[in-house]
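2 protein chains.
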Amino acid sequence: MKSYLNKWWGWGDEAKRYSLDPSSHFFEYLTKQFEMENAWTLPPKEDDIELPPSRIANSTYEALRNLIGPQNVKMDPHTRLCHSLGRSTPDLIQARFKIRREAPDAVIFAESIESIAKILKYCEAENIALIPFGGGSSVLGGVSPQKKETHQAVITLNLQKMDRVLEINAVSHTAQIQAGILGPDLEKALNQKNFTLGHFPQSFEFSTVGGWIATRGSGQNSIFYGNISDLVLALKVVTPAGILETKKIPASSTGPDAKNLLIGSEGAFGVIVEATLKITPRPVFRTFETFLVKDFKMGVKVVREIEQDHLRPSLIRLSDAHETQFFLTMNRSKGWKAYLKQRLLKMGLKKKKIALDQACFLLVEAQGSHEELTSFKKKIRFFRSQSLSLGGEPGWKWHATRFELPYLRDELLGRGILVDTFETAILWENVESLYHAVIHETKKVLTPKGLVLCHVSHVYATGACLYFTFLDKASSQPLDQWRVIKEHVTQTILSAGGTLSHHHGVGRDHLKFLIQEHGPWFVEELKVMKHRLDPKHILNPGKLVE
Amino acid sequence: MKSYLNKWWGWGDEAKRYSLDPSSHFFEYLTKQFEMENAWTLPPKEDDIELPPSRIANSTYEALRNLIGPQNVKMDPHTRLCHSLGRSTPDLIQARFKIRREAPDAVIFAESIESIAKILKYCEAENIALIPFGGGSSVLGGVSPQKKETHQAVITLNLQKMDRVLEINAVSHTAQIQAGILGPDLEKALNQKNFTLGHFPQSFEFSTVGGWIATRGSGQNSIFYGNISDLVLALKVVTPAGILETKKIPASSTGPDAKNLLIGSEGAFGVIVEATLKITPRPVFRTFETFLVKDFKMGVKVVREIEQDHLRPSLIRLSDAHETQFFLTMNRSKGWKAYLKQRLLKMGLKKKKIALDQACFLLVEAQGSHEELTSFKKKIRFFRSQSLSLGGEPGWKWHATRFELPYLRDELLGRGILVDTFETAILWENVESLYHAVIHETKKVLTPKGLVLCHVSHVYATGACLYFTFLDKASSQPLDQWRVIKEHVTQTILSAGGTLSHHHGVGRDHLKFLIQEHGPWFVEELKVMKHRLDPKHILNPGKLVE
Numbered sequence: 000m001k002s003y004l005n006k007w008w009g010w011g012d013e014a015k016r017y018s019l020d021p022s023s024h025f026f027e028y029l030t031k032q033f034e035m036e037n038a039w040t041l042p043p044k045e046d047d048i049e050l051p052p053s054r055i056a057n058s059t060y061e062a063l064r065n066l067i068g069p070q071n072v073k074m075d076p077h078t079r080l081c082h083s084l085g086r087s088t089p090d091l092i093q094a095r096f097k098i099r100r101e102a103p104d105a106v107i108f109a110e111s112i113e114s115i116a117k118i119l120k121y122c123e124a125e126n127i128a129l130i131p132f133g134g135g136s137s138v139l140g141g142v143s144p145q146k147k148e149t150h151q152a153v154i155t156l157n158l159q160k161m162d163r164v165l166e167i168n169a170v171s172h173t174a175q176i177q178a179g180i181l182g183p184d185l186e187k188a189l190n191q192k193n194f195t196l197g198h199f200p201q202s203f204e205f206s207t208v209g210g211w212i213a214t215r216g217s218g219q220n221s222i223f224y225g226n227i228s229d230l231v232l233a234l235k236v237v238t239p240a241g242i243l244e245t246k247k248i249p250a251s252s253t254g255p256d257a258k259n260l261l262i263g264s265e266g267a268f269g270v271i272v273e274a275t276l277k278i279t280p281r282p283v284f285r286t287f288e289t290f291l292v293k294d295f296k297m298g299v300k301v302v303r304e305i306e307q308d309h310l311r312p313s314l315i316r317l318s319d320a321h322e323t324q325f326f327l328t329m330n331r332s333k334g335w336k337a338y339l340k341q342r343l344l345k346m347g348l349k350k351k352k353i354a355l356d357q358a359c360f361l362l363v364e365a366q367g368s369h370e371e372l373t374s375f376k377k378k379i380r381f382f383r384s385q386s387l388s389l390g391g392e393p394g395w396k397w398h399a400t401r402f403e404l405p406y407l408r409d410e411l412l413g414r415g416i417l418v419d420t421f422e423t424a425i426l427w428e429n430v431e432s433l434y435h436a437v438i439h440e441t442k443k444v445l446t447p448k449g450l451v452l453c454h455v456s457h458v459y460a461t462g463a464c465l466y467f468t469f470l471d472k473a474s475s476q477p478l479d480q481w482r483v484i485k486e487h488v489t490q491t492i493l494s495a496g497g498t499l500s501h502h503h504g505v506g507r508d509h510l511k512f513l514i515q516e517h518g519p520w521f522v523e524e525l526k527v528m529k530h531r532l533d534p535k536h537i538l539n540p541g542k543l544v545e
Numbered sequence: 000m001k002s003y004l005n006k007w008w009g010w011g012d013e014a015k016r017y018s019l020d021p022s023s024h025f026f027e028y029l030t031k032q033f034e035m036e037n038a039w040t041l042p043p044k045e046d047d048i049e050l051p052p053s054r055i056a057n058s059t060y061e062a063l064r065n066l067i068g069p070q071n072v073k074m075d076p077h078t079r080l081c082h083s084l085g086r087s088t089p090d091l092i093q094a095r096f097k098i099r100r101e102a103p104d105a106v107i108f109a110e111s112i113e114s115i116a117k118i119l120k121y122c123e124a125e126n127i128a129l130i131p132f133g134g135g136s137s138v139l140g141g142v143s144p145q146k147k148e149t150h151q152a153v154i155t156l157n158l159q160k161m162d163r164v165l166e167i168n169a170v171s172h173t174a175q176i177q178a179g180i181l182g183p184d185l186e187k188a189l190n191q192k193n194f195t196l197g198h199f200p201q202s203f204e205f206s207t208v209g210g211w212i213a214t215r216g217s218g219q220n221s222i223f224y225g226n227i228s229d230l231v232l233a234l235k236v237v238t239p240a241g242i243l244e245t246k247k248i249p250a251s252s253t254g255p256d257a258k259n260l261l262i263g264s265e266g267a268f269g270v271i272v273e274a275t276l277k278i279t280p281r282p283v284f285r286t287f288e289t290f291l292v293k294d295f296k297m298g299v300k301v302v303r304e305i306e307q308d309h310l311r312p313s314l315i316r317l318s319d320a321h322e323t324q325f326f327l328t329m330n331r332s333k334g335w336k337a338y339l340k341q342r343l344l345k346m347g348l349k350k351k352k353i354a355l356d357q358a359c360f361l362l363v364e365a366q367g368s369h370e371e372l373t374s375f376k377k378k379i380r381f382f383r384s385q386s387l388s389l390g391g392e393p394g395w396k397w398h399a400t401r402f403e404l405p406y407l408r409d410e411l412l413g414r415g416i417l418v419d420t421f422e423t424a425i426l427w428e429n430v431e432s433l434y435h436a437v438i439h440e441t442k443k444v445l446t447p448k449g450l451v452l453c454h455v456s457h458v459y460a461t462g463a464c465l466y467f468t469f470l471d472k473a474s475s476q477p478l479d480q481w482r483v484i485k486e487h488v489t490q491t492i493l494s495a496g497g498t499l500s501h502h503h504g505v506g507r508d509h510l511k512f513l514i515q516e517h518g519p520w521f522v523e524e525l526k527v528m529k530h531r532l533d534p535k536h537i538l539n540p541g542k543l544v545e
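Heads up: the sequence lines are chains F and A, in that order. Going by numbering that gives the first Met the number 0, the residue at position 249 of the first sequence is 248; the numbering climbs one at a time, nothing skipped. Going by numbering that gives the first Met the number 0, the residue at position 416 of the second sequence is 415; the numbering climbs one at a time, nothing skipped.
These aren't lab readings, by the way, just hints derived from the structure by calculation. Be aware that one or more of the hints could be misleading.
One copy or two, it doesn't matter: identical chains are merged, so the pair holds either way.
Quick list of in silico lysine-lysine cross-link-like pairs, DSBU-like style, CA-CA up to 30 Å [what the hints assert, rightly or not]:
id: 1; residue 1: Lys526; residue 2: Lys147
id: 2; residue 1: Lys378; residue 2: Lys352
id: 3; residue 1: Lys300; residue 2: Lys187
id: 4; residue 1: Lys485; residue 2: Lys247
id: 5; residue 1: Lys345; residue 2: Lys296
id: 6; residue 1: Lys485; residue 2: Lys296
id: 7; residue 1: Lys526; residue 2: Lys247
id: 8; residue 1: Lys443; residue 2: Lys247
id: 9; residue 1: Lys15; residue 2: Lys472
id: 10; residue 1: Lys511; residue 2: Lys247
id: 11; residue 1: Lys120; residue 2: Lys529
id: 12; residue 1: Lys147; residue 2: Lys485
id: 13; residue 1: Lys247; residue 2: Lys296
id: 14; residue 1: Lys511; residue 2: Lys235
id: 15; residue 1: Lys247; residue 2: Lys300
id: 16; residue 1: Lys442; residue 2: Lys247
id: 17; residue 1: Lys376; residue 2: Lys340
Values in this document were obtained by computation on a predicted structure and should not be read as measured data.
Turn these sequences into a full structure, and let the hints steer you where they fit.
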């Protein structure tokens, strides 16, 4: 078991905490804005957490050991606790506030497709719910150990032992991968052959290929390499009804597309065990350009044109004025050097007639050969009259810390500040109206001091992803507080024409909204398919299908 | 009704015939190789074709007129005949040899979604099979008027009156289109706003948006603009169970993908009535480069590297040595100018140490700005030492005649030569083995003089489409002859790891092979979905689902 799983109460590495300097501007700001608590409340001790007693009978325990190997069946409280939650804000609130929660009755570790097939047959016969578990980083309750009333117990199936790279084909630019491999291990293996998958979600270090596929995810460089749905050539999925395989081909017109029924299936149709993925030779160079653009409207126009003109950036991130201010505060140092820097920035903005409180931070990354990047840098200057260039440095800084931000959430939760994110994708024509609606409506359900930040990323020719973050002082009932906000913001996004999720998926927390996204026919179709592949609904109950 | 529908016995325009000059090299070659008949047998006269009597009762006729408007119900022999077949080789053999064939009992023309919904309800209640009909250009029997034993009649539903462009959005780069519009009408409307869909199948002039989507097609420039599955943002489909709509969004991670169940549904799940498509600003310039590459192996390597190095051509077409020879013969003129040209070519080849009988013709097209094309032309020279450049002229010639080749099939069929095509897609690592297997195995089922040609096109980072054409002297039983060839070549393609079809679809002729492509689970899934949306199987029986 990878060591990071030991940190059951928060994000990522056990040893790591977001460093929040009490003498910093940022600390002062948070204290003032959200009445932040000075001291960080330590997370509860493992021994303080009372897990429900395991419902696994001795005979079941022995049967599991026989089926999957005695070393692969765990029932100790620590392992059960570590698999009792994902990394959603409500999950972490529950952990932190010691709210009594469900836990799997046992955790088993798969080492082969054959043993998974056996386990599925067994669980089906014995009416035991089974939760496929990759990295456990779901922010929507995708791995929560739910069961139906008819199930006698719930077991989590951890796939991290199935972490082999089975083949890297340098001619076809494909790699055949076991689904339990974590991001860094996969990239290391590909990099050794001078390839990359190019899939870097914020959860990269703590999520698996299987999880990326099950949630139909996207990485930070998806506009260059593609979303995971573009990268999957073929899949192998073990279901109670048998093993499903899709054909390993680059493209096809032989009817509806089978693999697009399995991508995004959230562990509810079967256990994703293997994938053939498209890989790309590692680009030689990477470059960053950053700007302050006049305002959000202008910023949206600029990022749209960058994409529609095929400039082929590898990343675009446009922060709205609120997020820009927040990041400026976050990164503002004290001392005369910082003062000077601030003065220079203000002078630059004045010259460009850009008001600081309207300015939007724009980060653009490109990857490629020296020649390609030179050409890119030239082309990207088309909007220089409406923006202030900040050079590459803020980009490199972002790059160095791009997987770190989730640690801040734990730091804030521990100091009485509630944080969560919402994301959607929408056509360009509706980007601004959705943006204003969400900002306006979210504020209605926050306290007067609450904050909503937004950035545009993952741009397409036809639209973009909008990513919202809210921060507010936590009430004495943070779970209820969160629920009200989640409900209202999600309804606002859907009413404004946005998708329920651009890259987080469905999980437990989006399930009830699914019908608004897809209409009854497709929700019914998912039910029918579920029933056919998993008639006893043992797989990941309460996710994707009611 | 568009006038081209008057030509029921062959491809395209009524007035058009492939011009085969009896004094040409090509004519001589065909005569010698295939004992081609000197005179072209005229297609049968319409009056000579005996259609089965219509099974539509008077009461049904009146009901249809009430539901869809009296002007939209036709039962005359001419209209029935024109809707009795697609443009597959067996269809055209049947037409030409006056083999008694099925015909729809009536043809109706839809003008609105509402009337289609009514018609579906009526046909369901009355047990009448309904065949959605776009352009009628299917080469796999996709519009053949089949019915189940339980059906009392079969009606073809022509969609060409639903041909409006509902919206072109220049901000979101989307267009909302009625499904019955033909390629040229759509492009004209888009071009007026300086956009293009970029979807140019060989059937472009005689196929519709609905047909492209129903068969999951690709255009000749798909490597630049995307396959139709990449271009569809959202769909509206009328089924007997109600109207299905998918959400108009650029991307999403909310579970499996609904629209990918409808793309490629071959009219078996519902009638595709509207689509929101991604459009692209028209590139300013177009350029062609053509080459003779040393041999097929080298050619495959070159086209793979062009794609994998992201040179972004808009079209690649690599002919094997057989197809290259065939085209050289086809285009060879007589006279001293042609002689000189031939001499020069041979000298050029000799200098490059390329054997004429091994040489493979490579056509590359790029679209974009002047700057992009200049850069492209520079980059494309990387394989100049292994090839002889022929300049842009043969490319422009290809471009001018790119929709003409299907007329040749009619010309040859009328002179006793059987022609058909097979296409597939496969991973790069298997391109050559599949190529050699198909050439070898096809020859086994042709006469000793039979010919198999191949080109590679529609390249991807991970693989390519291979497109085979065979020509052989027609036997006295051409349908049986065709069936033996079709069966053997298709099995060879599937055994070699290729997909059943890269862009022709499934239709009637690929149905029985579908299980080999998808395995029983997905074929069963299609059945289940069919049964839910169309419980009486009235929609396009015998296609996609048994």
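Against the structure, the hints:
1. Within a single copy, Lys526 and Lys147 get their C-alpha atoms as close as 15 Å, and across copies as close as 29 Å, so both meet the 30 Å cut-off.
2. For a Cα distance limit of 30 Å, the shortest separation of Lys378 from Lys352 inside one copy, 23 Å, qualifies, whereas the shortest one across copies, 42 Å, does not.
3. In this assembly of identical chains, the alpha carbons of Lys300 and Lys187 lie at most 30 Å apart only when taken from different copies (27 Å versus 37 Å within one copy).
4. For the identical chains of this complex, Lys485 and Lys247 are inter-copy neighbours only, at 23 Å across copies versus 40 Å inside a copy, given an alpha-carbon limit of 30 Å.
5. Only within a single protomer do Lys345 and Lys296 lie at most 30 Å apart by alpha-carbon distance; the minimum there is 21 Å, versus 61 Å between protomers.
6. Taking the shortest alpha-carbon separations for Lys485 and Lys296, only the intra-copy value of 26 Å comes in at or below 30 Å, while the best inter-copy value is 57 Å.
7. Proximity of Lys526 and Lys247 under a CA criterion of 30 Å is satisfied in both settings, with 27 Å inside one chain copy and 23 Å between copies.
8. With identical chains, the CA atoms of Lys443 and Lys247 are at most 30 Å apart between copies only, with a shortest distance of 28 Å across copies and 50 Å within one.
9. For a Cα distance limit of 30 Å, the shortest separation of Lys15 from Lys472 inside one copy, 24 Å, qualifies, whereas the shortest one across copies, 76 Å, does not.
10. In the homo-oligomer, the alpha carbons of Lys511 and Lys247 lie at most 30 Å apart only across protomers (20 Å), although the nearest pairing inside one protomer, at 34 Å, exceeds that limit.
11. Taking the closest pair of Cα atoms, Lys120 and Lys529 come within 30 Å of each other both inside a single copy (16 Å) and across two copies (28 Å).
12. Proximity of Lys147 and Lys485 under a CA criterion of 30 Å is satisfied intra-copy only: 25 Å inside one chain copy versus 51 Å between copies.
13. Taking the closest pair of Cα atoms, Lys247 and Lys296 come within 30 Å of each other only across two copies (22 Å); inside a single copy the shortest separation is 44 Å, beyond that limit.
14. In the homo-oligomer, the alpha carbons of Lys511 and Lys235 lie at most 30 Å apart both inside one protomer (28 Å) and across protomers (24 Å), since each shortest distance falls under that limit.
15. With identical chains, the CA atoms of Lys247 and Lys300 are at most 30 Å apart between copies only, with a shortest distance of 20 Å across copies and 39 Å within one.
16. When the C-alpha separation of Lys442 and Lys247 is checked against a cutoff of 30 Å, the pair qualifies only between copies, where the shortest distance is 27 Å, while the shortest distance within a copy is 48 Å.
17. With identical chains, the CA atoms of Lys376 and Lys340 are at most 30 Å apart within one copy only, with a shortest distance of 24 Å there and 46 Å across copies.
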